[in-house]
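Novice: What follows is each chain in one-letter form.
Number of protein chains: 4
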Amino acid sequence: MMRTEEEKKALIQRLRRVEGQVRGIQKMIEEDRYCVDILVQISAINAGLKRAGFHILEDHTKGCVSSAVEEGDGESAIEELMKVFEQFSKS
Amino acid sequence: MMRTEEEKKALIQRLRRVEGQVRGIQKMIEEDRYCVDILVQISAINAGLKRAGFHILEDHTKGCVSSAVEEGDGESAIEELMKVFEQFSKS
Amino acid sequence: MMRTEEEKKALIQRLRRVEGQVRGIQKMIEEDRYCVDILVQISAINAGLKRAGFHILEDHTKGCVSSAVEEGDGESAIEELMKVFEQFSKS
Amino acid sequence: MMRTEEEKKALIQRLRRVEGQVRGIQKMIEEDRYCVDILVQISAINAGLKRAGFHILEDHTKGCVSSAVEEGDGESAIEELMKVFEQFSKS
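Protein chains in written order, with this note's numbering: chain A, 2 to 92; chain B, 2 to 92; chain C, 2 to 92; chain D, 2 to 92.
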């Protein structure tokens with residue numbers, strides 16, 4: 002699935018924010034901040050990562066999976082999609 | 002909740018690994034890697050963050066929540082704990 | 002998406018088991034059974050319902066979504082699929 | 002943890018609604034209803050069961066876990082709580 006340079010830049014920027022948030026939590030632990038505040042931050046990072054993941058999942062379904070369906074080879078591409086979705090929804 | 006320096010070091014190391022994994026995904030996107038491989042990595046990071054979160058959750062329950070219960074003020078500490086549980090399990 | 006009578010029977014049987022498990026929890030509450038045992042049962046029911054859901058999700062993707070893609074109208078079918086994915090993974 | 006008769010009645014009523022919803026899905030499958038509508042119903046049931054579960058989790062934490070903490074035996078009760086919570090959040 003070839004993303005445009007712009008799409009790639011947007012996704013990478015989103016992940017840089019997540020990277021910064023993870024560093025932020027390290028600092029909170031360093032400073033013995035209240036556990037509940039740290040946990041709220043971890044939940045926010047997880048939710049942010051899931052949004053990025055759903056974005057990629059949609060790209061993949063519209064790109065690679067649809068092409069496989071059009072070429073008559075949708076079955077295995079859909080089974081792979083389901084496996085990733087199951088793993089993703091349990092993480 | 003005061004963690005020992007050793008506990009803090011272990012938690013921060015775990016989060017540094019997550020930080021490195023997030024950078025790894027940025028690279029995968031840069032290199033147009035297969036979407037499913039990127040999604041599997043995102044699931045792994047989410048799972049890693051959740052494990053760190055459960056660890057902090059247990060510390061908090063054994064520390065701050067238990068002290069509040071012992072001082073006869075458990076009700077509000079437990080309600081706060083439940084809110085974090087719910088938010089955490091939806092992320 | 003037309004399921005065969007056999008597929009319908011298997012799905013309905015699975016859901017009848019879930020129905021029985023839900024009745025079982027009512028009984029556990031009636032009998033003041035230990036909360037943790039009740040919670041383990043609720044988790045088992047949720048997991049059972051999710052498996053049935055993933056099964057239906059795969060049928061739908063192989064059926065209706067693939068047909069829409071083949072007819073050149075995949076975009077909206079996939080966006081609908083993603084919404085269900087997200088809702089399902091948060092429940 | 003002894004619930005009052007009123008609390009028990011409210012929880013059992015909530016679970017009877019879930020039981021009815023599960024029967025409703027069997028009917029939807031019988032009638033070949035649209036998969037997405039069925040999946041939305043399954044998500045609603047899962048969310049309803051989770052709310053009931055969090056309710057029981059809070060009762061348990063305020064009841065049995067707090068009593069164990071007050072009797073100086075909080076450690077094992079909290080570890081049990083964490084296991085149930087992890088299982089619950091993955092279901």
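Don't read these hints as lab results, they were simulated from the structure.
Be a bit skeptical, because a hint or two may be false.
A pair counts as met if it fits within one copy or between any two copies, since identical chains are not told apart.
[What the hints assert, rightly or not] List of simulated lysine-lysine pairs, DSS-like, C-alpha gap at most 25 Å: (1) 91 to 10; (2) 10 to 28; (3) 28 to 63.
Here the structure is a predicted model, which means the values were calculated and not measured.
Novice: Hint by hint, note whether the structure agrees.
Specialist: Hint-by-hint comparison with the structure:
Taking identical chains as interchangeable, the C-alpha atoms of residue 91 and residue 10 are never at most 25 Å apart, the minima being 28 Å within one chain and 28 Å between chains. Within a single copy, residue 10 and residue 28 get their C-alpha atoms only as close as 27 Å, which misses the 25 Å cut-off; across copies the closest is 11 Å, which meets it. For the identical chains of this complex, residue 28 and residue 63 are inter-copy neighbours only, at 22 Å across copies versus 39 Å inside a copy, given an alpha-carbon limit of 25 Å.
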